[in-house]
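Colleague: As a plain string of letters, each chain reads:
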Amino acid sequence: MRSILEITNLVKRFADSEILHIHHLVFHEKKRYAFLGENGSGKSTLLKILAGVLPADSGRIAWGAKGADFAYIPQRPYCFHLPVWKSITLGITAKNKQQKKEIAIAALDEVGIGALADKAEVYLSGGESQRAMLARVMLRERQALLLDEPTSAVDYEGCVLAEAALNKYQSQNGCMILFATHSVEQARRFADEVIVLQNGKVIAAGSAEQAIHDFYAIRTGLS
Amino acid sequence: MQTFLRIIGLLFGPDGELRGIIATTLTLSVFSTSLSSVIGICLGSFLGCSAFRGKRLIMRVLHTLMSMPSVVAGLIVFLLLSRKGPLGQFGLLFSMPAMVIAQVFLITPVMIGFSATTVAARAQPILETTRGLRLGKGAEIRLILRECRLQLLSVILMGFGRAISEVGAVSLVGGNVKYRTRVMTTTIMLETSMGNFDFSIALGILLLLISLLINSLAQYLQERGEKHLRNN
Numbered sequence: 001m002r003s004i005l006e007i008t009n010l011v012k013r014f015a016d017s018e019i020l021h022i023h024h025l026v027f028h029e030k031k032r033y034a035f036l037g038e039n040g041s042g043k044s045t046l047l048k049i050l051a052g053v054l055p056a057d058s059g060r061i062a063w064g065a066k067g068a069d070f071a072y073i074p075q076r077p078y079c080f081h082l083p084v085w086k087s088i089t090l091g092i093t094a095k096n097k098q099q100k101k102e103i104a105i106a107a108l109d110e111v112g113i114g115a116l117a118d119k120a121e122v123y124l125s126g127g128e129s130q131r132a133m134l135a136r137v138m139l140r141e142r143q144a145l146l147l148d149e150p151t152s153a154v155d156y157e158g159c160v161l162a163e164a165a166l167n168k169y170q171s172q173n174g175c176m177i178l179f180a181t182h183s184v185e186q187a188r189r190f191a192d193e194v195i196v197l198q199n200g201k202v203i204a205a206g207s208a209e210q211a212i213h214d215f216y217a218i219r220t221g222l223s
Numbered sequence: 001m002q003t004f005l006r007i008i009g010l011l012f013g014p015d016g017e018l019r020g021i022i023a024t025t026l027t028l029s030v031f032s033t034s035l036s037s038v039i040g041i042c043l044g045s046f047l048g049c050s051a052f053r054g055k056r057l058i059m060r061v062l063h064t065l066m067s068m069p070s071v072v073a074g075l076i077v078f079l080l081l082s083r084k085g086p087l088g089q090f091g092l093l094f095s096m097p098a099m100v101i102a103q104v105f106l107i108t109p110v111m112i113g114f115s116a117t118t119v120a121a122r123a124q125p126i127l128e129t130t131r132g133l134r135l136g137k138g139a140e141i142r143l144i145l146r147e148c149r150l151q152l153l154s155v156i157l158m159g160f161g162r163a164i165s166e167v168g169a170v171s172l173v174g175g176n177v178k179y180r181t182r183v184m185t186t187t188i189m190l191e192t193s194m195g196n197f198d199f200s201i202a203l204g205i206l207l208l209l210i211s212l213l214i215n216s217l218a219q220y221l222q223e224r225g226e227k228h229l230r231n232n
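So the protein lines, in turn, are chains A and B.
With the numbering used here as the guide, the letters of the first sequence map in order to residues 1 to 223.
With the numbering used here as the guide, the letters of the second sequence map in order to residues 1 to 232.
Just so you know, these hints were derived from the structure itself, not from any lab.
All values reported here derive from a predicted model rather than from experimental measurement.
It cannot be assumed that every hint is accurate.
[Said to hold, decoys possible] Below, in silico cross-link-like pairs of lysine-lysine (BS3-like), each with a Cα-Cα straight-line distance of 25 Å or less:
no.: 1; chain 1: A; residue 1: Lys86; chain 2: B; residue 2: Lys84
no.: 2; chain 1: B; residue 1: Lys55; chain 2: A; residue 2: Lys119
no.: 3; chain 1: A; residue 1: Lys66; chain 2: B; residue 2: Lys227
no.: 4; chain 1: A; residue 1: Lys97; chain 2: B; residue 2: Lys178
no.: 5; chain 1: B; residue 1: Lys227; chain 2: A; residue 2: Lys95
no.: 6; chain 1: B; residue 1: Lys84; chain 2: A; residue 2: Lys101
no.: 7; chain 1: A; residue 1: Lys86; chain 2: B; residue 2: Lys227
[Stated by the list, open to error] Computed beta-carbon distance windows for the label pairs:
no.: 8; chain 1: A; residue 1: Thr8; chain 2: B; residue 2: Met59; range: 31 to 41 Å
no.: 9; chain 1: B; residue 1: Ser50; chain 2: A; residue 2: Asp155; range: 49 to 59 Å
no.: 10; chain 1: B; residue 1: Gly136; chain 2: A; residue 2: Ser17; range: 51 to 61 Å
no.: 11; chain 1: B; residue 1: Val38; chain 2: A; residue 2: Glu185; range: 19 to 29 Å
no.: 12; chain 1: B; residue 1: Ser154; chain 2: A; residue 2: Thr220; range: 24 to 34 Å
Positions of the beta carbon are idealized from the N, C-alpha and C atoms, including for glycine.
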C-alpha cells in the first residue's frame, strides 16, 4: 500500500512550551486513522499543521506523489451567508449553476440534509452544519481528508449516515481519512488505526483495538 | 414651524445658493468617502487578515491618526498644497480637490482601523475553512469581503458621517469661497458668526435630515440583506 503522508520530528511550540512533538508517523492510502485524545492533547494542532493553517516550528511533512492533495474541515468551520448548496460548491468551477446545485443536493442527501440545500448555511444547527461540511469535502476528489471532530455535534443517526457516506467516498476514490475524535466508540467503529495523543506526544498507536486497549491501560495506570 | 418654512423657502426659492451649498457638500462627502473607502477597506482588510512583524506598531500609529483633529489634518494638507509647499505647483489650494484630499487624509485612517478590526474578527475561521478547501487567494479575499459586507457598509457610513459633518479641514483648505467651496458646515459657522441664527438652524436641520436619509437607506439595505438570507 502506498504511503500518502509521512511526518518526521514535527514540533510546535507556544511561548516556550512544546505543545506537539511527533517523532514519526506514516499514513497510507485507503486507510482511516483516528487521532484520539483528551482536550489539549494536540489533535487539532497537528491537523492544522498538516492542513497548512498553522506553521510548524520544525520537522518534516512529506506528502506522497500527488503532493498535498487534501481537504480539511476545521473544528469550528465557518458558516457562510450563502445557501448551503452554494456554500458547499465554492471553488467548483467546472460545472454550471444547475449542475452544481444537483451535485450539491446529491451530496447533502448522502448525509441526510438534502432538504436544507436552499437554507442559508449560517442558520444551520451545529450538527447540520457539520454534515454540510462533510458533504462539501466529499464533492472534491482528494487523496486525503483531514477532519477535525467532524461529527462532534451530530446525533447518532446522523453519525451513522455521515460515516456511511465517508465509507462510500473512500471506496470510490481510495483516499486516506485522518480524523480527530473524542469518541472511543467512533474510533473503534470507523478507524483502521488509532493514534492516541497525550500532551502533544503519541502514547499509543496501532490497530484500533490494540491502541484503544493501550489508551485505557495508560489512563487507568494498569500495565 | 417658522424655521421649517424658511428651509422650504430657501430650498425651492429663486436663489440657488442653498441648493449649491448642498450640492457641494454632497459631492465633496461622496467623493472623499468613496476614495477613503477604497483605500481604507483594501488596507484594512490586508491588516485584518495578515500577521507580520511591525503590525502592532502600525496599528498603534493608525489608532493615533484615527483621533487626529480635523484642523490638524487641514493644516497638514494646507502646508502641502500652499504655493511654497511640495504640491504647490498644482495650484489646488481653495478648490474642491483640496477639500477632498484633506477629508481623505482625515477619514482614511478611521476607515483602515475599523475595517481591520471588522475583518480580523472573521478572517481566521474563514481562512481556516477556505484553506482547507484550497480555494486560492482570490476566492479567500472575495469571501472575506462578502462575509463582512454589512459591517463594512457601517464603516463606510461612519466615514460619510465624519466627512459631511467635518468643518475644520475643509474651511482651512477650501477657504469657504461662495459658490465654489462653501459647504453646509462652513456656512453654519459663517452665518452664526454674522448673527443669522435662523439660517444656521435651518442648515443644521437640513444636514441632520440628509444624514438621516442616508442612514435610513443603508439600514434598509442591511435589513433587506438579512431578511433575504433568513427567508432562504
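Colleague: State, for the Cβ atoms of Ser50 of chain B and Asp155 of chain A, whether the hinted interval 49 to 59 Å holds or is violated.
Modeller: Given range 49 to 59 Å: violated, Cβ gap about 39 Å.
Colleague: Could you check the hint for me, namely that Val38 of chain B and Glu185 of chain A are 19 to 29 Å apart, CB to CB?
Modeller: Since the Cβ atoms of Val38 of chain B and Glu185 of chain A sit about 54 Å apart, the hinted range of 19 to 29 Å is violated.
Colleague: Run the distance test for Lys86 of chain A versus Lys84 of chain B: straight-line Cα separation, threshold 25 Å.
Modeller: Between Lys86 of chain A and Lys84 of chain B the Cα gap is close to 58 Å, so the pair fails against 25 Å, i.e. violated.
Colleague: Could you grab the alpha-carbon distance between Lys84 of chain B and Lys101 of chain A and see if it respects the 25 Å cut-off?
Modeller: violated, 64 Å
Colleague: Does the Cβ-Cβ separation between Thr8 of chain A and Met59 of chain B fall within 31 to 41 Å?
Modeller: holds, 38 Å
Colleague: Is 51 to 61 Å respected by the C-beta to C-beta distance linking Gly136 of chain B and Ser17 of chain A?
Modeller: Taking Cβ atoms as reference, Gly136 of chain B and Ser17 of chain A lie about 35 Å apart, which means the hint is violated.
Colleague: Holds or violated: Lys227 of chain B with Lys95 of chain A, Cα cutoff 25 Å?
Modeller: violated, 29 Å
Colleague: Given a hinted range of 24 to 34 Å, is it respected by the beta-carbon distance of Ser154 of chain B and Thr220 of chain A?
Modeller: violated, 55 Å
Colleague: Does Lys227 of chain B sit within 25 Å of Lys86 of chain A, going by the straight-line distance between their CA atoms?
Modeller: Given that 25 Å is the threshold and the Cα spacing comes to 18 Å, the pair holds.
Colleague: Would you mind confirming whether the straight-line C-alpha gap from Lys55 of chain B to Lys119 of chain A stays at or under 25 Å?
Modeller: Judged against 25 Å, a Cα distance of about 39 Å means the pair is violated.
Colleague: Run the distance test for Lys66 of chain A versus Lys227 of chain B: straight-line Cα separation, threshold 25 Å.
Modeller: Judged against 25 Å, a Cα distance of about 44 Å means the pair is violated.
Colleague: Mind checking the alpha carbons of Lys97 of chain A and Lys178 of chain B for me, to see if they're no more than 25 Å apart?
Modeller: violated, 56 Å
When the structure is compared with the earlier hints, violations turn up for hints 1, 2, 3, 4, 5, 6, 9, 10, 11, 12 and for no others.
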